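Novice: These are the residues of each chain, in order.
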Amino acid sequence: MTDKVLMKGNEAFAEAAIRGGCRYYFGYPITPQNEIPEYMSRELPKYGGSFLQAESELGAINMAYGASASGGRVFITSSSPGIALMQEGMSFLSSAEVPLVVVNVSRGGPGIGGIQPGQADYIQATRGGGNGDYKVPVFAPSSLQEAVDLIYEAMELADIWRNPIMIYTDGILGQMMEPVVLPEPRPVTEYSELKQKKPWALSGYGDDDSKRRVVKSLRMDPNELEMHVEALFEKYGRAEKELVRVETAGLEDAEIVFVAFGTVARITKEAIELLGESGVKAGLIRPVSLWPFPYDAFDALTDKTKVVISTELSMGQLVQDVQIGVGKRFPIRLITRTGGIIPTSREIVERALGILSDISV
Amino acid sequence: MQAVFTYTKGMVRTDTSYCPGCTHGIAHRLIMETLDEMGKLGDTIGVAPIGCSVQAHKFMNIDMCESAHGRAPAVATGIRRVHPDKTVFTYQGDGDLASIGTGEIIHAAARGEKFCTFFINNGIYGMTGGQMAPTTLIGQKTTTTQAGRTKEQAGSPLRVCELICAIEGAVYVERVALNTPASINKAKNAIKRAFEIQDRKLGFALVEILSTCPTDWGLAPEDAMKWLGENMIPYYPLGVFKEP
Amino acid sequence: MGTYRMFFAGSGGQGVILMGQMVTHAAMLEDRSSTFFPSYGPEMRGGTASCTVIVSDKEVSCPIINEADILVAMNLPSLLKFQPTLKPGGVILLNTSRIDQKPSREDITAIDVPVNDMAAQLGNARVANMIMLGAFVRATGVVAEESIKEVIAATIGAKRADLLDINLKAFDMWKQTA
Numbered sequence: 001m002t003d004k005v006l007m008k009g010n011e012a013f014a015e016a017a018i019r020g021g022c023r024y025y026f027g028y029p030i031t032p033q034n035e036i037p038e039y040m041s042r043e044l045p046k047y048g049g050s051f052l053q054a055e056s057e058l059g060a061i062n063m064a065y066g067a068s069a070s071g072g073r074v075f076i077t078s079s080s081p082g083i084a085l086m087q088e089g090m091s092f093l094s095s096a097e098v099p100l101v102v103v104n105v106s107r108g109g110p111g112i113g114g115i116q117p118g119q120a121d122y123i124q125a126t127r128g129g130g131n132g133d134y135k136v137p138v139f140a141p142s143s144l145q146e147a148v149d150l151i152y153e154a155m156e157l158a159d160i161w162r163n164p165i166m167i168y169t170d171g172i173l174g175q176m177m178e179p180v181v182l183p184e185p186r187p188v189t190e191y192s193e194l195k196q197k198k199p200w201a202l203s204g205y206g207d208d209d210s211k212r213r214v215v216k217s218l219r220m221d222p223n224e225l226e227m228h229v230e231a232l233f234e235k236y237g238r239a240e241k242e243l244v245r246v247e248t249a250g251l252e253d254a255e256i257v258f259v260a261f262g263t264v265a266r267i268t269k270e271a272i273e274l275l276g277e278s279g280v281k282a283g284l285i286r287p288v289s290l291w292p293f294p295y296d297a298f299d300a301l302t303d304k305t306k307v308v309i310s311t312e313l314s315m316g317q318l319v320q321d322v323q324i325g326v327g328k329r330f331p332i333r334l335i336t337r338t339g340g341i342i343p344t345s346r347e348i349v350e351r352a353l354g355i356l357s358d359i360s361v
Numbered sequence: 362m363q364a365v366f367t368y369t370k371g372m373v374r375t376d377t378s379y380c381p382g383c384t385h386g387i388a389h390r391l392i393m394e395t396l397d398e399m400g401k402l403g404d405t406i407g408v409a410p411i412g413c414s415v416q417a418h419k420f421m422n423i424d425m426c427e428s429a430h431g432r433a434p435a436v437a438t439g440i441r442r443v444h445p446d447k448t449v450f451t452y453q454g455d456g457d458l459a460s461i462g463t464g465e466i467i468h469a470a471a472r473g474e475k476f477c478t479f480f481i482n483n484g485i486y487g488m489t490g491g492q493m494a495p496t497t498l499i500g501q502k503t504t505t506t507q508a509g510r511t512k513e514q515a516g517s518p519l520r521v522c523e524l525i526c527a528i529e530g531a532v533y534v535e536r537v538a539l540n541t542p543a544s545i546n547k548a549k550n551a552i553k554r555a556f557e558i559q560d561r562k563l564g565f566a567l568v569e570i571l572s573t574c575p576t577d578w579g580l581a582p583e584d585a586m587k588w589l590g591e592n593m594i595p596y597y598p599l600g601v602f603k604e605p
Numbered sequence: 606m607g608t609y610r611m612f613f614a615g616s617g618g619q620g621v622i623l624m625g626q627m628v629t630h631a632a633m634l635e636d637r638s639s640t641f642f643p644s645y646g647p648e649m650r651g652g653t654a655s656c657t658v659i660v661s662d663k664e665v666s667c668p669i670i671n672e673a674d675i676l677v678a679m680n681l682p683s684l685l686k687f688q689p690t691l692k693p694g695g696v697i698l699l700n701t702s703r704i705d706q707k708p709s710r711e712d713i714t715a716i717d718v719p720v721n722d723m724a725a726q727l728g729n730a731r732v733a734n735m736i737m738l739g740a741f742v743r744a745t746g747v748v749a750e751e752s753i754k755e756v757i758a759a760t761i762g763a764k765r766a767d768l769l770d771i772n773l774k775a776f777d778m779w780k781q782t783a
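Protein chains in written order, with the numbering used here: chain L, 1 to 361; chain P, 362 to 605; chain F, 606 to 783.
Note that these hints are calculated values from the structure, not bench results. Heads up, a few of these hints could be off.
Said to hold, decoys possible - Here are the simulated lysine-lysine pairs, BS3-like style, with alpha carbons at most 30 Å apart: (1) P:Lys-587 / L:Lys-211; (2) P:Lys-587 / P:Lys-502; (3) P:Lys-447 / L:Lys-211; (4) L:Lys-211 / P:Lys-549; (5) F:Lys-764 / F:Lys-780; (6) P:Lys-562 / L:Lys-197; (7) F:Lys-764 / L:Lys-46; (8) F:Lys-754 / L:Lys-4; (9) P:Lys-447 / L:Lys-197; (10) P:Lys-419 / L:Lys-235; (11) L:Lys-4 / F:Lys-686; (12) L:Lys-216 / P:Lys-447; (13) L:Lys-46 / P:Lys-562.
As the list claims (entries may be wrong) - Ranges between beta-carbon positions, derived for each pair: (14) L:Gly-132 / F:Arg-731: 53 to 59 Å; (15) L:Gly-339 / P:Met-488: 40 to 46 Å; (16) F:Thr-760 / P:Pro-445: 36 to 42 Å; (17) L:Glu-347 / P:Pro-445: 52 to 58 Å; (18) P:Ala-527 / F:Leu-681: 49 to 55 Å; (19) P:Ala-364 / L:Val-229: 33 to 39 Å.
These figures come from a predicted structure and were not determined experimentally. From the three backbone atoms N, C-alpha and C, an ideal C-beta is built for every residue, glycine too.
Please model the entire structure based on the sequences and the hints provided.
Specialist: Take a look at the structure:
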């Protein structure tokens, strides 16, 4: 079936996870992602899966850890304050190399903040928001179709890389509806194949205790811990080569190059069209992977570019990666909104033109 | 010659890392010996806590994982969803279960999770060096209650069995102690019963095991056993609080 | 046909979200691009409710709008809040059963639809939004009548087949005059 269906973002995320093989979901209510646990509570049992409303986000991610460490395919979701609570688990799972797909339907902060869209968990998401040295691949879709495709793929990638993977969305994507084509359901690892496909997973060793498995993150011996972290970073090094995703447009003759991700990139695309209508050429770098960040995309900038503008729903988080990508080659400026306010394309145009005239003086 | 006592297959053949006189070794052995006798070693998944027993997986010869502080019941909940027919248990100390993990243990019990929890109560934080635990007795000296715990400053010690048995999903709750050979035998019976209740999928089972920490209590092992009997048992009465 | 940018607004319970979803859905059946973005907040009943709907023949890049071509206002606060966002030459569909003011804008076309009074004539207060939806489709032509009827049949027919007739009747009630 490749027919389009009209779905609300949150429900499409849930359905994509199920089709990607998710059979275990542990969640805790938080706006603006509540349709996901509601959908899972209704749909997962139909596939023989388990839905559980946890006592907290701490409970949810640790249940997810237990289920995934036992070989189950697990998907969890929350929104910014809940994702903050889950960082204990993100660090633990990364160290223990346990797969997991996590969606952040993010909202404005800090603190309880608000329930309107935000992107201010960027640094937390891309630098490893918990304790210690670790990395989590983070993908930021800008449409429901892309979200569906990324979640579906991430269910597989998490197993392949034995690592948590985050899908960074926001309240707009979670709440909006647009037509999507849902992927074909992926066959689920049968219980009988578990030992072969996930030899590290806990299932009871049966008759042969030489096959005993331990999933852990504690390493009391500093040398052992250092070797473990170095091995993790060898894996992250491969991820930096293999998991970079980016969309670019109009870089070859752009005076202004915008950098934006998620729904903000969609608004920026419209701003770029409006700028074009008034004779200003603008291009876009849209990181799809936030970590690993597509730094190389900035190599395509030409000397026609006068300024690079990071457009974000945070007070200068994405721009930190823009600075690494641009170096000292071009001036860098920011267009930000926060508090849950989404800029209109016209607002972006006006601010960009203001920046352009300041730069040109 | 007939062997009257043998090493259980449930324990890995290695020295434990516990202090001399610590009762973790006894508790480990009772659980593993029980699983061995029940023929369950190959079908069991255990969850270790944070605390001295974080590395219980080095000694317990079963599939096992570590868990973050207090989260063992949540982790076991996840494991149980994937493996509804295996035997699953958490092994948790008093700081782990009764302080940082109160949310997880209460709700695992409330859901009537079909796993067992073995709760080691020695009234002190061992691994971190002898700080006050939620179960530290009034008057008991620790590194954070150096003049002895007072009710005014730190409140009263938590009685976990009494708390858990008020929850409908908890079907078997018993408190045992490891201070005498007779009480150790009783403890083993309680452990066996908890696993049997899990086998029958009746609900959540918790066995609280009063234990010693000679090092952090500042007592010789034998004196620690005596102290347990004279001070802990009067506040933490032994017995079955709830049974199916 | 280009791109239509629209607000549907009213109070919670007036069915504005459903109207927006149905238009979005109908556009999909016509193989056009469409997006729906609701306001969301802590109010469950009686608060304000609105949604942004875009229907276009090309891919909709941005689900948020600067200016609207069409506003469907089901109550007075919605009219006051959203009329400044209308393009010159835009269209407002006014629920005159709940709005006793004229739009302050003179560069737009206002269409009066007293949906609650009309629903009372039908004897079912809950189909007021279907009356408005019919008026919206016939007055603006954003989507074809057949495709939105297919959506109504699929949405309402699936849940409450017994209510399908009254909803379709309500949908057909408003006729373009003059």
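Novice: For this structure, which hints from the list above don't hold up?
Specialist: 1, 11 and 19
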